[in-house]
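Participant: Each chain is listed here by its residues.
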Amino acid sequence: MKLKQLSIFLENRKGRMWNALDVLEKAGVNLRALSIADTSEFGILRLIVPEPDRAREVLEEKGFLIKIGEVIAVGIPDQPGGLNKILGILDKSSINLDYLYAFVEQNKNRAIVILHPEDIDAGIEVLKAGGADVLTAEEVYSL
Amino acid sequence: MIWNEEKECMSQEDREKLQLERLQSIVKVAYENVPYYKKLFNDAGVKPEDIQSLKDIEKIPFTTKTDLREAYPFGMFAVPRREIVELHTSSGTTGKPTVSGYTKGDLEIWSECMARGLTMVGVTEDDVIQNTHGYGLFTGGFGVHYGAQKIGATVIPISTGQTKRQMEIMQDFGTTVLIVTPSYGLYLAEEFADEDIDMEDLDLKVVGFGAEGWTQEMREKLESKFHVPAYNIYGLTEIMGPGIGLECHVKDGLHIFEDHFYPEIIDPKTHENLPDGEKGELVLTTLTREGMPLLRFRTKDITRLKRGKCECGRTLVRIERITGRSDDMMKIRGVSIFPSQIEKALLKIDGLEPHYQIIVTRPGHLDELEIQVEASPELFSDEVKELVGIKKKIEELVHSEIGLRVNVTLVEPRTLPRSLGKAVRVIDKRDVGI
Chain A
115 MKLKQLSIFL ENRKGRMWNA LDVLEKAGVN LRALSIADTS EFGILRLIVP EPDRAREVLE
175 EKGFLIKIGE VIAVGIPDQP GGLNKILGIL DKSSINLDYL YAFVEQNKNR AIVILHPEDI
235 DAGIEVLKAG GADVLTAEEV YSL
Chain B
415 MIWNEEKECM SQEDREKLQL ERLQSIVKVA YENVPYYKKL FNDAGVKPED IQSLKDIEKI
475 PFTTKTDLRE AYPFGMFAVP RREIVELHTS SGTTGKPTVS GYTKGDLEIW SECMARGLTM
535 VGVTEDDVIQ NTHGYGLFTG GFGVHYGAQK IGATVIPIST GQTKRQMEIM QDFGTTVLIV
595 TPSYGLYLAE EFADEDIDME DLDLKVVGFG AEGWTQEMRE KLESKFHVPA YNIYGLTEIM
655 GPGIGLECHV KDGLHIFEDH FYPEIIDPKT HENLPDGEKG ELVLTTLTRE GMPLLRFRTK
715 DITRLKRGKC ECGRTLVRIE RITGRSDDMM KIRGVSIFPS QIEKALLKID GLEPHYQIIV
775 TRPGHLDELE IQVEASPELF SDEVKELVGI KKKIEELVHS EIGLRVNVTL VEPRTLPRSL
835 GKAVRVIDKR DVGI
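Residue numbers (the working numbering), protein chains in the order written: chain A, 115 to 257; chain B, 415 to 848.
Just so you know, the hints here were simulated from the structure itself, not pulled from any lab data.
Please read all numbers here as calculations on a predicted model, not as lab measurements.
Think of the CB as a built atom: it goes at the ideal place given N, C-alpha and C, for glycine as much as any other residue.
Be careful, since some hints might not be right.
A few chain B positions that, by computed beta-carbon distances, are all more than 12 Å from chain A [unchecked claim]:
#1 I471
#2 D481
#3 G489
#4 E631
#5 E637
#6 K639
#7 N687
#8 E788
#9 A789
#10 L793
#11 D796
#12 E800
#13 V802
#14 P827
#15 L834
#16 K843
Calculated lysine-lysine pairs in the BS3-like style (CA-CA distance at most 27 Å, straight line) [as the list claims (entries may be wrong)]:
#17 K639/B x K128/A
#18 K469/B x K431/B
#19 K806/B x K714/B
#20 K176/A x K805/B
#21 K693/B x K683/B
#22 K805/B x K128/A
#23 K128/A x K714/B
#24 K181/A x K807/B
#25 K176/A x K639/B
#26 K665/B x K714/B
#27 K799/B x K181/A
#28 K442/B x K469/B
#29 K118/A x K799/B
#30 K181/A x K639/B
#31 K799/B x K206/A
#32 K723/B x K181/A
#33 K176/A x K665/B
#34 K806/B x K181/A
#35 K619/B x K639/B
#36 K799/B x K128/A
#37 K799/B x K116/A
#38 K806/B x K473/B
#39 K181/A x K805/B
#40 K714/B x K693/B
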């Protein structure tokens, strides 16, 4: 139920994100989802890719600073209030979110939300109990 | 082990007697053979006969690097040029290089001092010394070489650079002693890690570091990377080169070979002599140098003296590690700061790689200090708030060390320049014009 996420440290400098993605392109790594957290000096590029360990290897070879962490992916109907329902479940159980990002899956009329709660196991538990559609890693990688 | 027990373990009384004899003699030689010293003494109204005690050395005016530059190239020599068998120049870290000339006797003393120093860190005739100090005008390479040969150790005179070859030789030749600058040592350690070579699999037993200042924190970093003890080597081209002082296994300061060099500590501003234990600028007088005697040479190096018998058995005075140079001191908003203070604060953070750069700017009317630090896997967190927290923590540690607010920037690994010789730590972008 947990998904591997790649986090890349990037200086806030011209071309740094391009450099990282260029490495992945050359290695034939396709991106499933992406988000960037930025400050004025640096950013953290977060990626969901089908082969996180291989992606990490090719990036590290090029000197990038990488961490692999875990996140949760939840499928929601692509309609108003879809995300709110998920947030409601977490809120009721007092589970704090560090961050989230979402993308729409075009042909299925579904959106996928990537969630990073402070406590990932508790997060999965309450989401499932609340009836959320928690996706497996394979489901997301094979999208 | 002690190379020259008679000289290194002398009683203070005997040593002072020897020092005075030698001082009187070298003052006379300098006065009679170096026009610069004749003029200096005459202008100050001092005569060689006025030196009746060691304390009388204070009557002699200082010699500075500027004086040596003005005497360029051979104006400081006390012997005819044909008696000079080797020439070196300083690295020119702080400007135009200065020339140093050696007679055969001087090279003998140099070898003796370095042999004592290398013995101090445990080198014997069975060792294989990989000398990464450059062979050339820089004194580092030759100083180590002469000392090692005097001991009878095997020297690999590889000089700096060719990092792949350094690693290969270290493995194939079974190097037991590595002589390196702290910056190049760090670089080598990184390259080893990249090649997945475990330092513990090498035959290294000791690393000697010279040519640039480093902190105790940097020593700990280097020791943890190399898995062997790391020792400090002190020297400067003007006086001789490496071998003026070295650390023994007690690591409580560097023993100065006082039978050849007479150390004093002065207040760099008032030029007054300071008592033992007080911090100030090191002033050195060569007691035995033939080719180029130097009297009261201002080294610009900031340290303090510690007397008394060391646990190792030597009675030689010790200098504390050099904590800065009176000329690499930065004046930031009127506060005097040495890069070593910043290094000390930075290396208190676990996982921080000892690569940093200090950038001084003056965007408006006030000086700003930016410290660029390389992020490392240990420091990197997926959470922005944690990364900002680390940055704040570093800023606070530096603030408490130097008393000024600084801005810390985390940069990507391996993006700060690596140095093969002396690292450039400070980039001062302030407009120096008035």
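Participant: Could you work out which of the previously given hints the structure breaks and list their numbers from low to high?
Facilitator: 8, 9, 10, 11, 12, 13, 14, 17, 19, 23, 32, 33 and 38
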